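Chemist: Each chain, letter by letter, is given below.
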Amino acid sequence: MIEPFTDVVQLLPELSLSILAMVVLIASVFLEKERTRTLSLLGAAGLLGAALLASSIGGRTEAATLFGGAFSSDAFAQFGRVAVYATAALALTLGYTFFKLEKLLRPEYVVLVLFSAVGMGLMVSSSDLIAVYLGVELQSLCVYIMATLNRDSRRSTEAGLKYFVLGALSSGFLLYGASLIYGFAGSTQFEAIAAASYAEQTSVGLIFGLVFFISALAFKVSAAPFHMWTPDVYEGSPTPVTAFLAAAPKLAGMFLFGRVLVQAFPGLLDQWQPVLGLIAAASMIVGALSAILQTNIKRLMAYSSIGHMGYALMGLTAGSLSGLTGMVSYMTIYVVMTLGSFACILMMRRPEGMAENISDLSGLSQTRPGLAACFTVLFLSLAGIPPLIGFFAKLYVFVAAVEAGLFALVIIGVLTSVVATFYYLSVLRTIWFAEPTDHFVREHDPVLRLTSSGAALFVALGLIFALGALSNAATAAAASLFPALS
Amino acid sequence: MIETSSSIPWLSLITFLPLLGAGFIVLRRSMTGPDEDQAVASAARLVALVTTGAVFVLTTILYFGIFDPNQEGFQLVESATWIGSGITYKLGVDGVSVLFVYLTAFIMPVCILASWTAVKERVADYMVAFLVLEVAIMGVFTALDLILFYVYFEASLIPMFLIIGIWGSPGTREIFARTVSNRVYAAFKFFLYTLLGSLLMLVAVIYMYLTAGTTDIPTLLETPFTVEAQRYLWLAFFASFAVKMPMWPVHTWLPDAHVQAPTGGSIVLAAVLLKMGGYGFIRFSLPMFPDASAQFAGLVFALSVIAVIYTSLVAFAQDDMKKLIAYSSVAHMGFVTMGLFTGTEQGIDGALFQMLSHGFISGAMFLCVGILYERRHTREISAFGGLAKSMKPFAFFFLFFSMANVGLPGLSGFVGEILTMVGAFQVNTWVAALSALGMILSAAYGLRLYREVVFDPPRDKEAPAMVMNRREYALLASLAGMTLWLGVHPTPTLDVFSVATRPISTQVTAAFDRLDADAEETTPQLAEGQPGHD
Numbered sequence: 015m016i017e018p019f020t021d022v023v024q025l026l027p028e029l030s031l032s033i034l035a036m037v038v039l040i041a042s043v044f045l046e047k048e049r050t051r052t053l054s055l056l057g058a059a060g061l062l063g064a065a066l067l068a069s070s071i072g073g074r075t076e077a078a079t080l081f082g083g084a085f086s087s088d089a090f091a092q093f094g095r096v097a098v099y100a101t102a103a104l105a106l107t108l109g110y111t112f113f114k115l116e117k118l119l120r121p122e123y124v125v126l127v128l129f130s131a132v133g134m135g136l137m138v139s140s141s142d143l144i145a146v147y148l149g150v151e152l153q154s155l156c157v158y159i160m161a162t163l164n165r166d167s168r169r170s171t172e173a174g175l176k177y178f179v180l181g182a183l184s185s186g187f188l189l190y191g192a193s194l195i196y197g198f199a200g201s202t203q204f205e206a207i208a209a210a211s212y213a214e215q216t217s218v219g220l221i222f223g224l225v226f227f228i229s230a231l232a233f234k235v236s237a238a239p240f241h242m243w244t245p246d247v248y249e250g251s252p253t254p255v256t257a258f259l260a261a262a263p264k265l266a267g268m269f270l271f272g273r274v275l276v277q278a279f280p281g282l283l284d285q286w287q288p289v290l291g292l293i294a295a296a297s298m299i300v301g302a303l304s305a306i307l308q309t310n311i312k313r314l315m316a317y318s319s320i321g322h323m324g325y326a327l328m329g330l331t332a333g334s335l336s337g338l339t340g341m342v343s344y345m346t347i348y349v350v351m352t353l354g355s356f357a358c359i360l361m362m363r364r365p366e367g368m369a370e371n372i373s374d375l376s377g378l379s380q381t382r383p384g385l386a387a388c389f390t391v392l393f394l395s396l397a398g399i400p401p402l403i404g405f406f407a408k409l410y411v412f413v414a415a416v417e418a419g420l421f422a423l424v425i426i427g428v429l430t431s432v433v434a435t436f437y438y439l440s441v442l443r444t445i446w447f448a449e450p451t452d453h454f455v456r457e458h459d460p461v462l463r464l465t466s467s468g469a470a471l472f473v474a475l476g477l478i479f480a481l482g483a484l485s486n487a488a489t490a491a492a493a494s495l496f497p498a499l500s
Numbered sequence: 041m042i043e044t045s046s047s048i049p050w051l052s053l054i055t056f057l058p059l060l061g062a063g064f065i066v067l068r069r070s071m072t073g074p075d076e077d078q079a080v081a082s083a084a085r086l087v088a089l090v091t092t093g094a095v096f097v098l099t100t101i102l103y104f105g106i107f108d109p110n111q112e113g114f115q116l117v118e119s120a121t122w123i124g125s126g127i128t129y130k131l132g133v134d135g136v137s138v139l140f141v142y143l144t145a146f147i148m149p150v151c152i153l154a155s156w157t158a159v160k161e162r163v164a165d166y167m168v169a170f171l172v173l174e175v176a177i178m179g180v181f182t183a184l185d186l187i188l189f190y191v192y193f194e195a196s197l198i199p200m201f202l203i204i205g206i207w208g209s210p211g212t213r214e215i216f217a218r219t220v221s222n223r224v225y226a227a228f229k230f231f232l233y234t235l236l237g238s239l240l241m242l243v244a245v246i247y248m249y250l251t252a253g254t255t256d257i258p259t260l261l262e263t264p265f266t267v268e269a270q271r272y273l274w275l276a277f278f279a280s281f282a283v284k285m286p287m288w289p290v291h292t293w294l295p296d297a298h299v300q301a302p303t304g305g306s307i308v309l310a311a312v313l314l315k316m317g318g319y320g321f322i323r324f325s326l327p328m329f330p331d332a333s334a335q336f337a338g339l340v341f342a343l344s345v346i347a348v349i350y351t352s353l354v355a356f357a358q359d360d361m362k363k364l365i366a367y368s369s370v371a372h373m374g375f376v377t378m379g380l381f382t383g384t385e386q387g388i389d390g391a392l393f394q395m396l397s398h399g400f401i402s403g404a405m406f407l408c409v410g411i412l413y414e415r416r417h418t419r420e421i422s423a424f425g426g427l428a429k430s431m432k433p434f435a436f437f438f439l440f441f442s443m444a445n446v447g448l449p450g451l452s453g454f455v456g457e458i459l460t461m462v463g464a465f466q467v468n469t470w471v472a473a474l475s476a477l478g479m480i481l482s483a484a485y486g487l488r489l490y491r492e493v494v495f496d497p498p499r500d501k502e503a504p505a506m507v508m509n510r511r512e513y514a515l516l517a518s519l520a521g522m523t524l525w526l527g528v529h530p531t532p533t534l535d536v537f538s539v540a541t542r543p544i545s546t547q548v549t550a551a552f553d554r555l556d557a558d559a560e561e562t563t564p565q566l567a568e569g570q571p572g573h574d
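Protein sequences appear in the order of chains A and B.
Numbering-wise, the first sequence is residues 15 to 500 according to this note's numbering.
Numbering-wise, the second sequence is residues 41 to 574 according to this note's numbering.
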């Protein structure tokens, strides 16, 4: 009697976000278009509320599954939900000025962000293949539409269509893998699959299913060689949408990746470790090499994110507690750096419109020293140069990989991060060493200024105050997936 | 919060004081309008000078008043919790690091003063970059945690990258069919070269962390690593420090960086940044991996001798004054690596002394070139001549430092070189003999530079007479004073070193003995094993 009720309480953030999304949808029909700002603030407040709610109710240690095993409410899910909702809230507010000036102000955007946030919340907490699929699809469908938000732009529609077609293919992979896993493990629940993965005789079908599943998830987090869509979608989508899809879905996808591998396939570690190692190495190499020749800053960010997924996957490849902890810390830090960078990119506005080329940043250090400082700190952090916090993100995953004896992967990671530093430095060279060209419009959007400078401050000073707390929280979250430890 | 062994956290204070100055300059600039550039620039100069001066005063008090040169081990240790799981914020100095801290504190105000009028654009940014650089360098020499050391070690790249790239000299070159300005090329080369070496070291640091469970340097110094592990760890650390030193054949970033950097940048690069490599060898490679150090000593000797002879010859062929001095730096660093890996007391002490004295001498040499460049806007040796008449005081100082660079007895360069050669003689006569050849070659290029610049008839008869100002007199005189004092009375300085280096030398010598013993054991075995193959 009581049991279902407590289960519902655990899903309160998702439920209230769904209701809020529908309220916004109905309200948008009756309200004037000028009120979209109110709606988007409402949406952001709702997301922040959901983050607070998730942080206060989740993290149960006893009986961590809900609805007969479909969802978990462990510390890992709690960390993931809080991070996802906070990220979505920030990404939602980042775009307001952009949409207003580009005449793209549509209340649907708020609704889509809210629904995809619900999808991501389900992704990070699902512990059943069917629930995984529900979460992934809810999130993806919303993001496909968001990519085409600028319906009159060829680039935007192309991006959305490309994303949709390839995304649908990867969903097919996901379903095919899930059905194979179900067929050979006899259940869709992670616990039962884990038991099957420990079987004496590893069944080939299960491994097949796992490989399909990994491919689909690699597509969702844009890891090589499933990354082809990323640069075009990043470039074509309206910039705030790019910021959103560079941050939140990557975080959710990576958390789901971690949960599936650690919770459902612990017995097949020897089988999935090389697969994941290859994906990680390929991502790091593709990300580092392809970014060098980019001239568009959004495409550069796309390849940079591919590389970063490689590092996060390196932590996962270790398959240990410290590896998962490293991945969780890495993704959290990555999201902060990405949102900060996109806040900076959103401030690259000329009187005639948005500037997207790296060469537009020429001499920024002389025309806009504050913005240049933010760019510099964030990009050096993305490159992983100490004392910025991006270095510690890399340190955590490197420690885990060395511990697991993955020396080849670590050496590849070291070499690619030197190559990656080259293209980040190339951007800084444009900012600091080139002569100034036209000036950007001075931005009056407080959200953009606060986000960019806040992220830069966090990245620069995080090593003093944030590292201890972050690694504690990440360790607690990761430990909840290892039943023997918790 | 910070636990200290003395009442004041001296080392944290010295390390982070420059940040205060940097923050002040940033604040001052952000509060002024665009037409107040001159006011901001002079304020920035003053703040930077006062801050680095204050650091120098504090360091002097620390060195002469608080530091106990007779005490073994680390002093003035401060620690605070940081990341957790064995990684802490920990500072401390011993006889080796305290002298490098002193060198840094001495050189930084010199750099600021050397840039007083030479840097005219974006002065505030320049001063901020230098102050941040001082934080990173001080951190490197005081850190007692390996991760903390690594953070500072890498962080020093960022301000130096900007200093070379923004205030470097003009000119372009072709790379991959694209025109790239020289200073950008040099800045990238400097950054990426060093980064690659350092990241390999990071992997080794992680391995050591996982083995020992901590990155606390005093603990790691007592953690024995297996000979097999030592070999890989040594190579990884070597990759980083050899680039930083720089050793032949990974020295090619240095001439580029030196030629392109502004005078202040060249001084700090030659005087202090290169010393991080030598400091790394003495702090980590030798005491933590003594067996590997003994095994690889031959490699280091070979590279050092090549550096001493080959780069001396290259220096002889240069047309650019800064390039010549840069190559001479590489040659002098060859003596340092040679001395360090002899493992003898004289060799190690001599190497450290050589680094210290090279800090003052090369700083002064680059300052001399900077003084000429500011007046004539060229560094071509052939553009000068006749300075013995037209710029007499300069000719005196230039002679003084050229002689110190050559290794004239009585000046500091001689002490370091003779000690490293005494050390090398005990281990390998050939290495000592060949490096002595390097000393002769250094006289050859040093005297050639001096003759062409000072004595040869002036190329440009119309060139106006040049006068040094009081600031330049003061700078050169203070550096000359240090060179003379170290050269005439080196004992107090050597005593401070030797307390810290004696245990290291004992360790490495023991490792050499083990290596010899192993070799003797295996040789007869091989001889006996021979017939078995038939």
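Simulated from the structure, these hints should not be mistaken for lab results.
For clarity, every value in this text was computed on a predicted model and none was experimentally measured.
Do not rely on the hints blindly, as some may be mistaken.
To be verified - FRET-style restraints, in silico, Cβ to Cβ: (1) A:ILE40 to B:GLY253: 55 to 61 Å; (2) B:PRO498 to A:ASN310: 50 to 56 Å; (3) A:GLN215 to B:GLY253: 34 to 40 Å; (4) A:TYR212 to B:GLY126: 41 to 47 Å; (5) A:ASP452 to B:ASP496: 47 to 53 Å; (6) A:PHE496 to B:PHE104: 51 to 57 Å; (7) B:GLU214 to A:TYR190: 49 to 55 Å; (8) B:GLY253 to A:ILE306: 48 to 54 Å.
Even for Gly, the Cβ is constructed at its ideal location relative to N, Cα and C.
Chemist: A separate judgement is required for each hint: does it hold in the structure or not?
Modeler: Tested hints:
Here the CB-CB span from ILE40 of chain A to GLY253 of chain B is close to 59 Å, well matched to the stated 55 to 61 Å. Separation of PRO498 of chain B from ASN310 of chain A is about 55 Å and conforms to the stated range, judged on CB atoms against 50 to 56 Å. Checking the proposed 34 to 40 Å range against GLN215 of chain A and GLY253 of chain B shows it holds: the Cβ atoms sit about 39 Å from each other. At about 33 Å, the beta-carbon gap between TYR212 of chain A and GLY126 of chain B misses the expected band of 41 to 47 Å.
Roughly 51 Å separates the CB atoms of ASP452 of chain A and ASP496 of chain B, a value that falls within the hinted 47 to 53 Å. For PHE496 of chain A and PHE104 of chain B, the Cβ-Cβ distance of about 56 Å falls inside the hinted range of 51 to 57 Å, so the restraint holds. Between GLU214 of chain B and TYR190 of chain A the C-beta distance comes to about 53 Å, which sits within the given range of 49 to 55 Å. The supplied range of 48 to 54 Å is broken by GLY253 of chain B and ILE306 of chain A, whose beta-carbon atoms lie about 39 Å from each other.
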